[in-house]
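Spelled out, the chains give:
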Amino acid sequence: MSGAGLSARIAEAASRLLSEGSAEVVIGFEQGSIPMRATPCLVTDPSDAGRLVWNAFCANNLARYLEPGRKAAIVARGCDSRAIVELIKERRLKRSDIVVIGVPCTGMADPRAIARRFPGLRVTAVDESDGMLVIHGGPEPVSVPLDEVLHASCRLCARRNPVICDIPLGDPVAERDPGFPDVEAFASLPAEERRSRVEAEMAKCIRCYACRSACPLCTCASCFADSSQPQWVGRGAHPEDVTAFHVMRAMHLAGRCAECGACARACPTGVDLSILNRRLASDVSELFGCRAGLDENAPQPLAASSMEDSQDFMLDPGRKRE
Amino acid sequence: MTDTIHGRESLVRLLEGILAMPGVTVYAPVAEGDGAAFDRVLSASEALLDSSGAVRPPRQILAPMTETLLAMEPGGSAVDSVPAPEPTILFGARPCDARAIVFLDRVYAGGDRIDPYYAARREALTILSIGCREPRATCFCTSTRGGPLSVEGSDILLEPSGEGWIVRIITERGASLVGRAGLGSSDGRVTDPAAFPQAGAPRDLSALRGRLEQAFDDPRWEALTAKCLGCGACTFLCPSCHCFDIVDAEEDGRIVRSRIWDSCQFKTFTRQASGHDPRPTGADRYRHRLMHKFSYCLESYGMPGCVGCGRCVEACPVNLDIRLLLDAFGGER
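Protein chains in written order, with this note's numbering: chain A, 141 to 462; chain B, 6 to 338.
Take the hints with a grain of salt, since some may be wrong.
Restricting the straight-line Cα-Cα distance to at most 16 Å, the calculated cross-link-like pairs of lysine to aspartate or glutamate (EDC-like) are [unchecked claim]:
1) A:Lys-344 x B:Asp-39
2) A:Lys-344 x B:Glu-37
3) B:Lys-272 x B:Asp-250
4) A:Lys-344 x B:Asp-44
Chain B stretches covered by chain A per the calculated footprint, using a threshold of three residues with CB under 8 Å from any CB of chain A [said to hold, decoys possible]:
5) 33 to 40
6) 236 to 246
7) 307 to 320
None of these hints come from the bench; they were simulated from the model.
We treat Cβ as the ideally placed atom computed from N, Cα and C, and that holds for glycine.
Use the sequences and the hints to build the structure in full.
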């Protein structure tokens, strides 16, 4: 189904849910104020439901806007739903408070990739049809397959259809979990090269915390990075403080990160450290045989315990580690 | 001697000439990932002269993200760290960037207290701006009393003309640089900016301010800012935001007092020791940012705390567009 067809069906579902009182708010996207941008939209009045749209520039993870105790309907594709699954498992949200309006997703377009593809082009508008983007702004419109300008996280997406869903809209798309080719490629680099790549990303960080703020799983009521007593990590631009922040954030998300890439897309200076999250997801997948968000019934690996645990010190607190 | 720069190669030669001057530090837009930032350049080939503006503003040249104010040695003696920079040239700022520095001058060095750290860097700085040929989708400088050929803050303005630029000398400092770089110059009179493509219809700042002040208790603040994530992208990409915090830390056995950027959009910004927070909600914090820029700064500094560069519009992870908020609360409709 085309974006326009889905937009109309999302608006219709939103209007109905608000009118019948099944949700206090519908969380979706509306057209943004600049080209190549859709923007989160929280609709509470059924007469505003017509603002909701679905297109290739819906970059944010909307699960970020779910709040405990608020009956909300949410437009969710694979990544949004993976985050919702984790939030429910962590008892941050109640499943019964959420109406999932499920949409299939073929990935979102990366404006930076479009800029690389068409250097110097000042894009004024983009139309979509059948997997192609038609880009306006030059003397003649130019086109590019959506598949060739996807966000990296979308190319690597393990689950494009919603994992949980109450109101399915559109036909499901074929799944194509590519595994962790990025992690394998990165691991094959010499140590010096790995270090310099990570340091180059860290060097762009301005500590604005857009990554943390956009992350649906960064749910701590108070973040370690904001703590002054004790101060776990320095707040300035010193490289060791920047590194400490990003590494600690990645570790906090181990086994929980929905791998949606919202952090990298939110970053105003283009810091992309998703390789840290992806490496941890790859390790968790290998060690525990599970991926965050993909199974609503599986326990969270780092929050569960088992009498069959191969590490028996876990089960015998009195035992000293060797 | 010429007063016109004919095309890109001549612009590169001008930068090369400036780089060849002994004892100067030159900042210019350089590539940073897919974007650009003002950074120190050693050769003209590093500079992105065709960029339509750097993603990151030049303010870190004058007010670094983290700067040491003083250090305390183990024996108890304090060492002040007021910088003594060599002459510095900011090459390729946009007119809005230069206006933002005029604003920072009023904040840091305009009253009866002068910030010595800022003042030392500012005293060393010469600003060469390049006028804008066409506005970007995010530009709104004309709503903040600026424009594509605004000369405020610039020592030299390169005014676009055909494929090249006319050299406009604005200040004595600019004249000195032009002389040393072997350029001639036209006078400081600038072509009527109305001849250039404009960044939308200008807003009337005085009327806007009055209406914003009346809208302080408007119930729509919460709904219209509900999607704000509370990050600091807008404030840290802003060329005129300047709020800071001061922190002490131990570094190599010394106690170092540093100034670091802070943001009014952070939850911890106004939280007091008692736990009380006068701006407890995201809507309170967003409203404060808007009111500060378009009301309080006009009162305190005689100019808005916004130059309409559009970086916050571009940078906002959720596309919360300050222009739409200005029109919602300060517009006539």
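Here is what the structure says about each hint:
| no. | hint | result |
| --- | --- | --- |
| 1 | A:Lys-344 x B:Asp-39 | 11 Å, holds |
| 2 | A:Lys-344 x B:Glu-37 | 8 Å, holds |
| 3 | B:Lys-272 x B:Asp-250 | 14 Å, holds |
| 4 | A:Lys-344 x B:Asp-44 | 12 Å, holds |
| 5 | 33 to 40 | holds (count 4) |
| 6 | 236 to 246 | holds (count 6) |
| 7 | 307 to 320 | holds (count 3) |
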